[in-house]
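Chains S and Y are the protein sequences, given in the same order. Everything in the first sequence is counted per this note's numbering, starting at 850 for the first residue and increasing by one. Everything in the second sequence is counted per this note's numbering, starting at 15 for the first residue and increasing by one.
Don't take every hint at face value.
[As the list claims (entries may be wrong)] Facing chain S, according to a computed beta carbon distance under 7 Å, are these residues of chain Y, among others:
| id | residue |
| --- | --- |
| 1 | Leu168 |
| 2 | Lys171 |
| 3 | Phe178 |
| 4 | Gly182 |
| 5 | Gly184 |
| 6 | Ala186 |
| 7 | Gly187 |
| 8 | Leu231 |
| 9 | Val232 |
| 10 | Arg234 |
| 11 | Phe235 |
It is worth saying that the hints were derived from the structure and are not from the lab. Cβ atoms here follow ideal geometry from the backbone N, Cα and C, with glycine treated the same way.
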Amino acid sequence: MTPAIEIRGLRAGYGDRIAIDDVDLSIARGSLTAIFGPNGGGKSTLLKCIAGLMTPRAGTISVLGEPVGVAAKRIAYVPQAEQVDWSFPITVEEVVAMGRTPLIGPLRRPSAADRAAVRAALERVDMLDAAERQIGALSGGQRRRVFLARAIASDPEIYLLDEPVTGVDPTTQEKIMNVLDDEAKRGRTVIATTHDLACAAQRFHDVVALAGRVIVHGAAQLVLDREVLEKTYGGHLVPLSGGGVMLLDDPHHSHGSHEGHE
Amino acid sequence: MNPIDLLLSPLGYDFFVRALLASALVGISCAVVGSFVVLKGMSFIGDAVSHAAFPGVVIAYLLGVPIIIGGSIAAIGTALGIGALTRRSGLRSDAVIGVLFAGMFALGVALFSAIPNFVGDLLGFLFGDVLGISVGDLAALSLLATLLIAIVALLWKELLYATFDPLGAGAAGLPVRRLDDLLLVLIAVTIVVSLQAVGIVLVVAMITTPAATAQLLVRRFDRMIGVAAVIGVTSGVIGLYASYLLDVASGASIVLVETLLFVAVLAITRLRVRSASA
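Starting from the given sequences, assemble the full structure and let the hints guide the process.
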């Protein structure tokens, strides 16, 4: 079977800044993969290229064996929380219903099956009780769960999640990771960017270390490998007196000039 | 004169009844596109497009064709030009808008000033003259309002998704750029058709103010459009009467009523928030 994602020689960036270069990556179907690396390392850029939201400068990407865009209905992309206007007058249920929109098609109304899928997705993330609330009234963790429900409602083969567990409480993180784990077990491919190395090591199967290029791609335990961390984070790694290292990395402060994209 | 007579007497004039109908249609149309404009943060585009319509209006006037056609071509061209230039030039959209806005308006002023004896009509173009609206203008307004509501209703879920989360919608395969362009065209046409009533300078208020007021009041997008329409129509009626009774410019009077409503709603909702958190 073709891999879920196959990337060859990818180069992409904003303006005159190249965020990622020379990226080769093959992600198997049914894998649960975390992409980690420093701010400005190109995590979001890579995700956006796979989602067809950015045009690469060079290289090829195939998604489910097709060029980017052909299989758009079979992928679900969840943007970073900062990129959403939380004051938008819209309810939780309406947001989740958006997941059905591409499947329903233009000029048609949602069917009973669509509405059932929306409710089932809300139930999966424990947000059915909040269906009628405005999204701005939710906590950060609830907002993440609503967007995950939208992705679930679209019944995708590939989940692309930008920072799904950043800034959420441990209980929510547990719930989100349980759902993603279940989806991977069903053969769905899950790719998420993250700053949380502990979560990457414990809850994901595979990891990709990205710092402008792919440093390593392998089993999740690699995030705890000192050599991998040094190559990935460079100067953000501080040696401790006991012999270990500490990572100084703040998910909300980009060192590059494109914080909004990274 | 007793209050009933005060309300009924202007209805004896055909021009006043036409003006009332026109204000209501403009109020509804502007509420529909205005709700998208406010939520997408495009108010400045609305202002630019209305000013950019000016040279088209003048050229149509010179050629003797309906000014709606000339104005629409200039407005749609500028609206789509702003989108295309922003994507390609690498400049921020507000800079592109500022340049095109002023440049097109200057072209209109230059053309206008070349027409002999232009002063009399200038105020009509700039500030609108809803009391001078014709039956033909009313027909055009009704057609626009009907088309606008039909298009938005048919593409509702796609427009909602692309407006709320363009990244998610684009990744799921929705034609986000074409939906954006469609919205720009709808905004441009609404502005041009509304120019007759409120004029180039004030039309942005008809688009922005009722929708912004509605956003303070409701938690759902569809209701926001409905509330904005009610505010637009109500302000149109109150503003027209005020204009008639106090003998002030109709466009300004309508916009002032909308602005007062906005301030009142803002004050009430702020007070409510403060008392809820106290």
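Outcome of the hint check:
1. The beta carbon of Leu168/Y comes within 6 Å of a beta carbon in chain S, closer than 7 Å, and the hint placing it at the interface holds.
2. Interface restraint check for Lys171/Y: the shortest CB-CB distance to chain S comes to about 5 Å, inside 7 Å, so the restraint holds.
3. The closest approach between the C-beta of Phe178/Y and any C-beta of chain S is roughly 5 Å, which is under the 7 Å cut-off, so the hint is satisfied.
4. Hint status for Gly182/Y: holds, given a least beta-carbon distance of 6 Å to chain S, under 7 Å.
5. The interface hint given for Gly184/Y holds, since its Cβ lies 5 Å from the closest Cβ of chain S, which is under the 7 Å cut-off.
6. A least Cβ separation of about 4 Å between Ala186/Y and chain S falls short of the 7 Å threshold, and the interface hint therefore holds.
7. The interface hint given for Gly187/Y is met, as the beta carbon of that residue sits about 3 Å from the closest beta carbon of chain S, less than 7 Å.
8. Look at Leu231/Y: its Cβ only gets to about 9 Å from chain S, farther than 7 Å, so that hint breaks.
9. Against a cut-off of 7 Å between C-beta atoms, the interface hint on Val232/Y holds, since the closest Cβ of chain S lies about 6 Å away.
10. Because the smallest distance between the Cβ of Arg234/Y and any Cβ of chain S comes to about 5 Å, under 7 Å, the interface hint for this residue holds.
11. Here the hint on Phe235/Y is kept, as its CB sits about 5 Å from the closest CB of chain S, short of 7 Å.
Violated hints amount to a single one, hint 8; each of the other numbered hints is respected by the structure.
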